[in-house]
Every structure is written in C-alpha cells, then in structure tokens.
Amino acid sequence: MSVWDVFHSDRLEVERGLTTAQVRAALGNGDLRDDDLVRPAGAEIGWARLSDFPEFFEPEPPVAPTTPVATGPAQDLEPQASPSPASPRSIDDEGSFETQAGAFPPVPSDDVAETIAEPPLEAQARATPPLEISDFSPPSFDDVESDVEALTQFNANFDETRSHPFLDSVDDEDRATYLAAPGDEEHEHVANDTYLDALGEARDASSVDDEEEDEIVDLGELDLSLDHERRDISLELEPVGDEDVEPWVDDAADAEPWEEEYDPQDEDEEAAEFTLARSSAETVEELDLAAMVDVAFQLVLFFLVTATTVLYKTLEVPKPNPEAAAASATQGQGKTLDDLQQDFILVDIDPQGAFKIDREPVAAQMNVLIDRLRTARQSTGRSAMLLTADAAAMHKHAVLAYDAANEIGLRIAIARPASVGGGAAAPPAPAVSKKGNSG
Amino acid sequence: MLLRRQVSQERDEHIDMTPMVDVVFQLMTFMLFSVQMTGGEEVKVPPARHGVGVEETAATFISLIKPTTPGGEPKVVLGIGDGPRATLEEIRKAVTEGVREGRRKVVLQADGDVPHGEVLKLAAAITEIEGITLHVGVQEPQ
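From first to last, the protein sequence lines stand for chains A and B. FYI, the numbering for the first sequence is 1370 to 1808, going by my numbering. FYI, the numbering for the second sequence is 16 to 157, going by my numbering.
Don't take every hint at face value.
Heads up, simulated BS3-like pairs for lysine-lysine below, C-alpha to C-alpha not over 30 Å straight-line [what the hints assert, rightly or not]:
#, chain 1, residue 1, chain 2, residue 2
1, B, Lys81, B, Lys108
2, B, Lys59, B, Lys108
3, A, Lys1682, B, Lys81
4, A, Lys1725, B, Lys59
5, B, Lys59, B, Lys136
6, B, Lys136, B, Lys90
7, B, Lys136, B, Lys81
8, B, Lys81, A, Lys1725
9, A, Lys1682, B, Lys90
10, B, Lys90, B, Lys59
11, B, Lys120, B, Lys108
12, B, Lys81, B, Lys120
13, A, Lys1725, B, Lys136
14, B, Lys136, A, Lys1682
15, A, Lys1682, B, Lys59
16, A, Lys1682, B, Lys108
17, A, Lys1682, A, Lys1725
18, B, Lys120, A, Lys1682
19, B, Lys120, B, Lys90
Derived DEER-like restraints, expressed as beta-carbon distance ranges [to be verified]:
#, chain 1, residue 1, chain 2, residue 2, range
20, A, Thr1705, B, Gly96, 41 to 51 Å
21, B, Met46, A, Thr1744, 53 to 63 Å
22, B, Met32, A, Leu1668, 14 to 24 Å
Derived from the structure by calculation, the hints contain no laboratory data. Backbone N, C-alpha and C define an ideal beta-carbon position, used for all residues, glycine too.
Please model the complete structure; the sequences and the hints are all you need to start from.
And the structure:
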C-alpha cells in the first residue's frame, strides 16, 4: 500500500502518511489542490506536484464484492494494468492490483512499508520494451551511456516523441536537458526536485567506464521498496552480469570532487534563493535630526535676545572750562558768589557730603533737594544751578545734585574747585552747561 | 517547491548618536548661559533717576575705579570694568581716535566713592579735544 507525504502549499504544512485513497479523497473535497506537492512517505527525493500524477485524480477502482473489509486497500496508480513478468515491480510487490484488492487489511501508516508509488510513467513504460531494474537505486552501471539509454527507456519519457505531463510543462531547452546524456555539455543538467532528476544525478555520480560505454546492461528489476526507518534511498548496487562493476556508495567523503553529493542549490542560485517564507522588512537606520534642529533654534533665539540689550545709562554733564581759574580772573571775568547767586541757584557740597542750597543746609536726599530747588526757581526765577562741590567730596553726591536738577529742568553749571587745575582759590567761572532734562 | 532556505542575516549593529548630540547641545547651552549670567567686575557707578542709554560701540568708555587705600589716587582704565592703568596721553589718544571713528560721546564710568576733584581733573583733560560730549555713567536706583 502506497503511502504519501503531502505538502500543502497554501498553508506550508506537510502531512505525512496519507494513503492513495486519502489523497484522492482530499483532492475530491478540496483539501488538496493541483499545486500541492507529494512524494513517497519517508523519501528524501524531491517533491512533485499532484498534477503530475493524474492517477490521483482518477476515481478509485470499485471494490470487489468478495472483499470482506469495508475499505479496500490502497489502489495502485495503475489498477487496470497487469504487470508482466518483466515489468517493473508494482507497489504491492506481487501480481495485479485487482487480484490483490481486499487481500490486505488496512495498514496503519506507521507500519506500512515504505514504498514508492509506481511513477506515472508506468503505463507508458509498459508500452515500451520493458526494462529490468533490480533496485530503486542508481543501477550498477558499467558504462554511462549504455546505462543512460537503459534508464531513459525505463523512464519512458526520455524519448522526445513521447508525451509526459512533466516534460510537457517545461520548455524545450529544459526538456532537452532531461533527455541529455551525461557528458553532453551543450545541455547542462538543470537542478530539479523531481525524482526523475534525482535519478539522473545519481546516474552522473556513478563511475564511468569509457571502454564499456557501448555495452547494454541489464538493469534488473526495479525494487521500489524503501527502508522506512532509514529514510534513505538505498544506494547499494548489485552487480548485474559484470563483476568488475564498482558498487556505488553514497559516501561523499571518499568520492572524487566531481562525485560530491548533488546539491541543487549549487547550480541554480535563483532556485536556491526561492523561499515561500515572508521576508523580513528591511529596516533603514536613520538619525533623527529633529532634536538637534530644536536645540539649534534655541541657540539662535538666545543670541538674538542677548545681542540687542547692552546699553549703559549716562548723564550728560557740561564740559568744565579748560582754562585755569586765575586766567579767567585776569580776563575780568571773576565774580563773587553773591554775583553768581543772582543768576544761579548755588548748590554747595562739602567733603563730608553735606548739601547747601543758597548757603542754607539741606538734607542730602533726592526729594528734599528737588523741593528746595523748585522753590528757589519759583521764588527768584533762576533757571540754572551752579554746583560748587569740594574736590574731596564724593562723586556720588555730585551725581545726586545733577539728578535733582534734571528732575525739575534746571541748567547745570559746574564750578571747578580751587584744588583742581591749580591757580588761586577763587570762584571759578562757571562753565555754561547745556540745558538739563526737563523735570 | 520547497527548497532549502539560505538564511543570511547581516547584523547591523551601530550606536545611536542622537542622545549624545542632545547632551552635547545641552552642555553648550548651559555654558553659554552661565558665562552671561556671572559677568565681570564692573564699576559701581552712583544711581540716578534720569539718564540716557548709550551703546557700548557708540562711545568711548573710561573707568575710574576707587583706590584700594584711603587717600590714594583712583585707577583710570580705558574701557568698562577693571583693566590695566592708562595714562592721560593714552586716554587722549583713545578719545581722539574714537572721535575720528565717529564716537563723539565720552562716558566716565566713575565709582561713586571716587573724589569729585579727580573726575573733574580727568574731564578737564578730555575737554581739550574738540567735538566730544561728556557723560557720567549712572545706574538705575535700587
């Protein structure tokens, strides 16, 4: 009974241990589709599409009425064919399927013998002169070309005139490749996952004897049984008719470089890169510059704000008379304080910081000074202030007098002390000041 | 068909520089603000209600710093704040050059405790240069 492993291409799952009937039933109810892949259970050969096996799509043969069991045994792909004595061995090993229908009870999938279903070419192969292959393994080839010819005949589709579902689906170049003999450099063998291709590669890996390339070797009877436990294709060769044949051993370590284990991915990189899994999205690493732009704008604003508020507050004062006091006196410009008091409001500051306005003591406070100066202006009509501060008086007291005069709009005149600029200690000529700020 | 998948992942490991850039900018901003906040030692000019603002680039500033010892002469410095002592010749030269460059204002940043006579003496020396206007530096009353 043939057991199959099925690969569901829609959900990427492998379902193992299905019988032929189960496969047919799944096809019938839509669980399996033509695009799904199938291969003999436990086999390591490549997958093949269900559509390449038209036998799966045929209805099950009717169960014989004498069969006691409810469900008949799994039918072979070619139930109607009677295997000839020289034909390749069927899956059930003996006789026709019809005669064996019902003879075997249903076998659980774990106990079933690993067998490989008769390839779909079986029917066509029987129409041709039968070939004898003793084992489902690379036959014992003594001569590559003769063995190729035998294998070609066995597979039956290496004849270009014959039609085969698989070869019909490929283009002419690939078709010629499958039909090409080893050593044909024009048609390099294309990697393919069909078991036909595996057979072809196994053929290439075998030893080649050029001297016997014309000899036709009887390949014996095909034995499609596989060791379920080992799950490997038996590569043991049985010498047929020639003791000089070297057994083909699946030992890559001892093989010649050109006899290394076939890897389809070595020949077809595009096929090797093919995968049904979803590729991860490419992530592009980028540097986020938003934070740096924000900080740069902050720096710009800072410099804009701080670059326009640097001003120094100043009070404009009259320039003192550069001439010495004595020189002024000799020119007839000397005046007494009484004379000056008629034109100016006299403000005197001693070294201790005491104020006198018109020779009357005043507290050194801004408001008091303002009131006294305003009263003096209103009572006498004088509009100018003459500051006569001692040389030892502090600068801040002089600035206070300046500020009080600017508060009510008096003009400011500064009398140079006697100790400043040399000369006699005489009342200096007041320097004409600019009009102060109006109060 | 299900083929053997060739898994090849290039591990792109790199250090994200964004946080380090942010920290560097923060440090630079902090340094800029801290330098502006402290400022330098300026002259303690007397307060006044009235006054006009003069830009630093529009006038020649002369600072008079009070003497460290009582009775000593004040320190005359060109510019604002403390610095090397300047002679009258250097001051006249600076003022003359300022007038030539269009800076006709001369601001005397005199400390409040400097004697009034020293301020007038300096002012008399500067007044010899024509075309200038004399100002005394003040500050806002507290």
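Structure-based check of each hint:
A C-alpha spacing of about 23 Å is found between Lys81/B and Lys108/B, which places the hinted pair at or below 30 Å, so the restraint holds. Under the criterion of a C-alpha separation no larger than 30 Å, the hint pairing Lys59/B with Lys108/B is consistent with the structure, at around 25 Å. Between Lys1682/A and Lys81/B the alpha-carbon distance is near 20 Å, which keeps this suggested pair within the 30 Å criterion. Straight-line distance between C-alpha atoms of Lys1725/A and Lys59/B comes to about 26 Å, which keeps the hinted pair within the 30 Å bound.
Proposed proximity of Lys59/B and Lys136/B is supported: the alpha carbons are some 20 Å apart, at most 30 Å. Taking the CA atoms of Lys136/B and Lys90/B, the gap is about 13 Å. The hint holds against a cut of 30 Å. Taken as a hint, the Lys136/B and Lys81/B pair is honoured in the structure, with Cα atoms around 15 Å apart against an allowance of 30 Å. For the given pair, Lys81/B sits about 26 Å from Lys1725/A by alpha-carbon distance, which is consistent with the 30 Å threshold.
At roughly 21 Å between alpha-carbon atoms, Lys1682/A and Lys90/B fall within 30 Å of each other, so this suggested pair holds. Note on Lys90/B and Lys59/B: the hinted pairing holds, with a Cα-Cα distance of about 13 Å set against a maximum of 30 Å. Proximity of Lys120/B to Lys108/B is assessed by CA-CA distance (about 14 Å); at most 30 Å being required, the pair is judged to hold. Distance hint between Lys81/B and Lys120/B is fulfilled; the C-alpha atoms sit about 23 Å from each other, no more than 30 Å.
Taken as a hint, the Lys1725/A and Lys136/B pair is honoured in the structure, with Cα atoms around 23 Å apart against an allowance of 30 Å. The hinted pair formed by Lys136/B and Lys1682/A meets the criterion: a straight-line CA distance of about 22 Å does not exceed 30 Å. At roughly 12 Å between alpha-carbon atoms, Lys1682/A and Lys59/B fall within 30 Å of each other, so this suggested pair holds. Taking the CA atoms of Lys1682/A and Lys108/B, the gap is near 24 Å; set against the 30 Å cutoff, the hint holds.
Between the alpha carbons of Lys1682/A and Lys1725/A the distance comes to roughly 27 Å, so the proposed pair stays at or under 30 Å and holds. Straight-line distance between C-alpha atoms of Lys120/B and Lys1682/A comes to about 13 Å, which keeps the hinted pair within the 30 Å bound. Of the pairs offered as hints, the one joining Lys120/B and Lys90/B holds, with about 21 Å between alpha carbons and a cut-off of 30 Å not exceeded. Hint check: Thr1705/A to Gly96/B, Cβ distance near 43 Å, so the stated range 41 to 51 Å holds.
Distance hint for Met46/B and Thr1744/A: a CB-CB separation of about 56 Å, consistent with the stated range 53 to 63 Å. The given range of 14 to 24 Å is respected by Met32/B and Leu1668/A, whose C-beta atoms sit roughly 19 Å from each other.
Of the numbered hints given earlier, the model fails none.
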